[in-house]
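Trainee: Below are the chains, spelled out letter by letter.
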Amino acid sequence: MISRSEILSTLSQYNESDIKIGTLCSHSSLQIFHGARREGIPSVGIVLKENKPYYESFTNALPEMFLEVQDYKEIMTDNFQKKLISENVIIIPHGSLVEYIGAENLLERFRVPMFGNRLTLYWESDRRRQRRWLKEAGVNSPTIYENPSNIDKPVIVKLHGAKGGRGYFKASNSQEFFTKFNELRMRKLISSLDDIIIEEFIAGVRYYPHFFLSILEEKNLPGLDEGRLELLGIDRRLEVIDEIHRGLPLIIEDYLDYTVTGNVGVVVREKYLVDLLRYAVRIVSSARKLFYPGLIGPFCLETIYNPARGFIVFEVSARIVAGTNLYPDGSPYSTYYYDEPMSMGRRIAKEIRRAVNLNSLHKLVY
Amino acid sequence: MISRSEILSTLSQYNESDIKIGTLCSHSSLQIFHGARREGIPSVGIVLKENKPYYESFTNALPEMFLEVQDYKEIMTDNFQKKLISENVIIIPHGSLVEYIGAENLLERFRVPMFGNRLTLYWESDRRRQRRWLKEAGVNSPTIYENPSNIDKPVIVKLHGAKGGRGYFKASNSQEFFTKFNELRMRKLISSLDDIIIEEFIAGVRYYPHFFLSILEEKNLPGLDEGRLELLGIDRRLEVIDEIHRGLPLIIEDYLDYTVTGNVGVVVREKYLVDLLRYAVRIVSSARKLFYPGLIGPFCLETIYNPARGFIVFEVSARIVAGTNLYPDGSPYSTYYYDEPMSMGRRIAKEIRRAVNLNSLHKLVY
Amino acid sequence: MISRSEILSTLSQYNESDIKIGTLCSHSSLQIFHGARREGIPSVGIVLKENKPYYESFTNALPEMFLEVQDYKEIMTDNFQKKLISENVIIIPHGSLVEYIGAENLLERFRVPMFGNRLTLYWESDRRRQRRWLKEAGVNSPTIYENPSNIDKPVIVKLHGAKGGRGYFKASNSQEFFTKFNELRMRKLISSLDDIIIEEFIAGVRYYPHFFLSILEEKNLPGLDEGRLELLGIDRRLEVIDEIHRGLPLIIEDYLDYTVTGNVGVVVREKYLVDLLRYAVRIVSSARKLFYPGLIGPFCLETIYNPARGFIVFEVSARIVAGTNLYPDGSPYSTYYYDEPMSMGRRIAKEIRRAVNLNSLHKLVY
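Chains as they are written, first to last, in the numbering used here: chain E, 4 to 369; chain B, 4 to 369; chain X, 4 to 369.
Accuracy of the hints is not assured; some may be wrong.
Given that identical chains are not distinguished, each listed pair holds provided it fits within a single copy or across any two copies.
DMTMM-like mimics (lysine to aspartate or glutamate), calculated; alpha carbons at most 25 Å apart, straight line [what the hints assert, rightly or not]:
#1 K138 - E90
#2 K55 - D155
#3 K161 - E53
#4 K274 - E305
#5 K138 - E53
#6 K274 - E71
#7 K156 - E186
#8 K183 - D198
#9 K191 - D342
#10 K183 - E90
#11 K52 - E220
These are computed hints drawn from the structure, not numbers from a lab.
Could you put together the complete structure from these sequences and hints?
Mentor: In structure tokens form, the structure reads like this:
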């Protein structure tokens, strides 16, 4: 794994008066470029050749510079990394970067300074490690069944690395589990129990709150070791299964499809905000213990509200999530912190600008 | 019941140059504080000790003063009420205030001036009285069955005082009703027919329009006796049942869960706006007849649009509703009245400020 | 059909220093008036007498002039058309105008200049012609079955001219089709196969992106012959069927109800934006070939995203759609083009204003 000191040594050669924000032209990049412009920081868009004209057409979210690639994997080459470094680029990681390049490549072979703590990639990329993080935080999370024979209530079975949620299935007991599991095995979608995770199925309403932790600001909530925690928005993903009612009974007989296709904005009952902030603090604290300095910048809790059990966290995303794309001009929550329209993309740029002014960029980067 | 003259006598001792807006830190309070700040009116947040740091963290929606309590019931004490009165506080009632303190307590024993007409609490708190209000208004509303043996079409059975909708159930006929009713009785969730209301089930799409009636402004719609009626937003509640498709057939076999957990913003076909405004005018007029001066300030119609029957009103909320939390910076409708971002919270503050200027605060308070 | 040259001859007599934007007070008119005000163009609202006070109450979206009618059909009279022409009115067509007046009336007998290309009415009004347009564009679209005996997968059967989607039904095979078809025929809802269209049922998530094509601006995307294409927002319609889960199994046994009642705002995964823009370019290009100069101004693609097949376009609306009513102050996409809050209504007014300045109004009108 590339060490933090190696990255900080690279960063120390950056010309801080010409710092640029860079990312792949995908996922949440329009928001990132748009936010960077509003904060007056130049940005660099790494773009597939065939996508460039489309990104150029968003004239108010235009990066100052495009770097064209034929394939995103090119960014792993020495030359490309050197180019990014010579342009003083801080990479903002997002879901597509991780998907296209791979967590291992980023951890082991990507030498360009990234915003946030690169170690989160290690802790997120494996569901069992992520589970340990949730347990350490002491937040409610679904029971995981290591042994399918122990299934004693409805479960949802997730495939490791399933892009966007395809092939997930539900089972009410061991017998149903094995029937479906064997069918997927016959279809070569999985080969062994190692390819899946068996999670208690939680009925309830999904809320995905987007947080930002600024370690440049003063501590603002009990339980934090340092930093200011902000809730900048909440979304709900729009998955294929959410249109299931339009195909009943056509779709329901088949395997469920949780492919994420977009997002819808929501607000939660105000009394639940305190619960969500408390949970976020715990996640921040346990991250700090497990992989110091823990979370930096944006993260998202993927929760289900169950009336009997409260919020249950089934995943943490330790970076900007696509749900923030709902709010390039701010959200119903960001307005409680900022008078300006504050997107997550802009919040990141603001943090980088402030770090440069405070001579503290090294605190935000790995 | 505390008389209006007693409240107005208290109000007459207020220092009008130092009026403050006060409410419990819950429900829609962030929007209320945020709106008050934008209108330049100081506010007071009555907050549970353990919640205070969380409310302090919303720096752009900060009340000027917090009053800590261990339990919301404390606000009923003589001392607390005196404190509020000495600070010239006008209380903005919201759903959590009514839930935690109780309509009867507010009507009989809470001597602090409240924004709006306190009598609405009496007319709303009992479903049968509320039904009379809807009938008097002449708006479409669901049939109520006093005798379960008369059930001749699908019904939804609601529990009185069910917090947020848990335990509601549907029945297609008398027999199904009695089976489910008896089961709930066995589970001690209800004890007699007096605990429930049997309402015709209406299929259709829910729309919850948020209105504000300003009696300081000139009449703007036919049928109004006085005042200007504004439509400031529309939402749809996000209830547990709305995620039922994700748990099918797990959840559907059980009793339905209408617990409100949050809200989603919607717009309605423009041609329906006229229908909604007409209905709102009728609700305003009948309120004025039944409990003069009737509605003042914010209210919400809880409607279902059924293609065959049009809008059907199943409830009125005579105060700020949580759905307005979607729109702290204004809604797709508020922009048709105001150039500034106008939330319901801000609209209330604006009305109070204007009343102070016009020396008319007594018109808005009971 | 009224020729374009006749319309342009009428336009040539307009006083361009006093151009007004006119439309029926319905559908998306508040947004159109509101947008016109922001661009400083006077507007004219053609309003049903009984609706006028309601439209007058939206004080920030007030047209400069109302023209009252008892029935929208009055606008077809000679006198009314002359009045509109004498006021230098450019009519902005929307769904209610087409519904109330009829495509044929507009094409054959309405002599007032309209914004956009009137020929789109001809190409949209018949589902088979529209299908040809989609085919010509080479975008994925659902299979159409001319012969019900050929049904080999689930289909959705749509009634021609069904207002808002009532009476649509699904069938899994020919036998089910004929059973339901005969039942509707017994109920006199349809009389023959000519009244319906049998479309392959596509499971997936609906996205309705709203585009604007400005032929006054420079070409901004590959594949365009001319003009700048902007994505100004995305919505999802809220149809009666979308609340089906609240009435299960009550509603599902009956015919499905796709009546559109309102809209919800959504964003789509950023990687899909390129797909949507590509599709829009193809639709623009084929329109130009089929009915020169093709699309001008606002249009909407009605798509379903299916994980296996990508976006499938099932309809084009060649004018401002009601989903844009979500965004009178701009959308999560319009902000990537404009710093000002840019609604579709405002975008139209901006285009007209610019055309007047460039002396190019004739390019936008038919």
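Trainee: Each hint needs a verdict: does it hold in this structure or not?
Mentor: Against the structure, the hints:
With identical chains, the CA atoms of K138 and E90 are never at most 25 Å apart, being 41 Å at best within one copy and 46 Å at best between copies. In this assembly of identical chains, the alpha carbons of K55 and D155 never lie at most 25 Å apart, being 51 Å within a copy and 41 Å across copies at closest. Proximity of K161 to E53 under the C-alpha cut-off of 25 Å is found in neither arrangement, the shortest distances being 33 Å within a copy and 38 Å between copies. For a Cα distance limit of 25 Å, the shortest separation of K274 from E305 qualifies both inside one copy, at 18 Å, and across copies, at 22 Å.
With identical chains, the CA atoms of K138 and E53 are at most 25 Å apart between copies only, with a shortest distance of 24 Å across copies and 44 Å within one. Taking the closest pair of Cα atoms, K274 and E71 come within 25 Å of each other only across two copies (16 Å); inside a single copy the shortest separation is 47 Å, beyond that limit. Taking identical chains as interchangeable, the C-alpha atoms of K156 and E186 lie at most 25 Å apart whether they share a chain (21 Å) or sit on different chains (23 Å). In this homomeric assembly, K183 and D198 come within 25 Å of each other (Cα to Cα) only inside a single copy, at 14 Å, whereas the closest approach across copies is 43 Å.
Taking CA atoms no more than 25 Å apart as the test, K191 paired with D342 passes in neither setting, with 53 Å inside one copy and 50 Å between copies. Taking the shortest Cα distances, K183 and E90 never come within 25 Å of each other, neither inside one copy (51 Å) nor across copies (66 Å). Proximity of K52 and E220 under a CA criterion of 25 Å is satisfied inter-copy only: 24 Å between copies versus 40 Å inside one chain copy.
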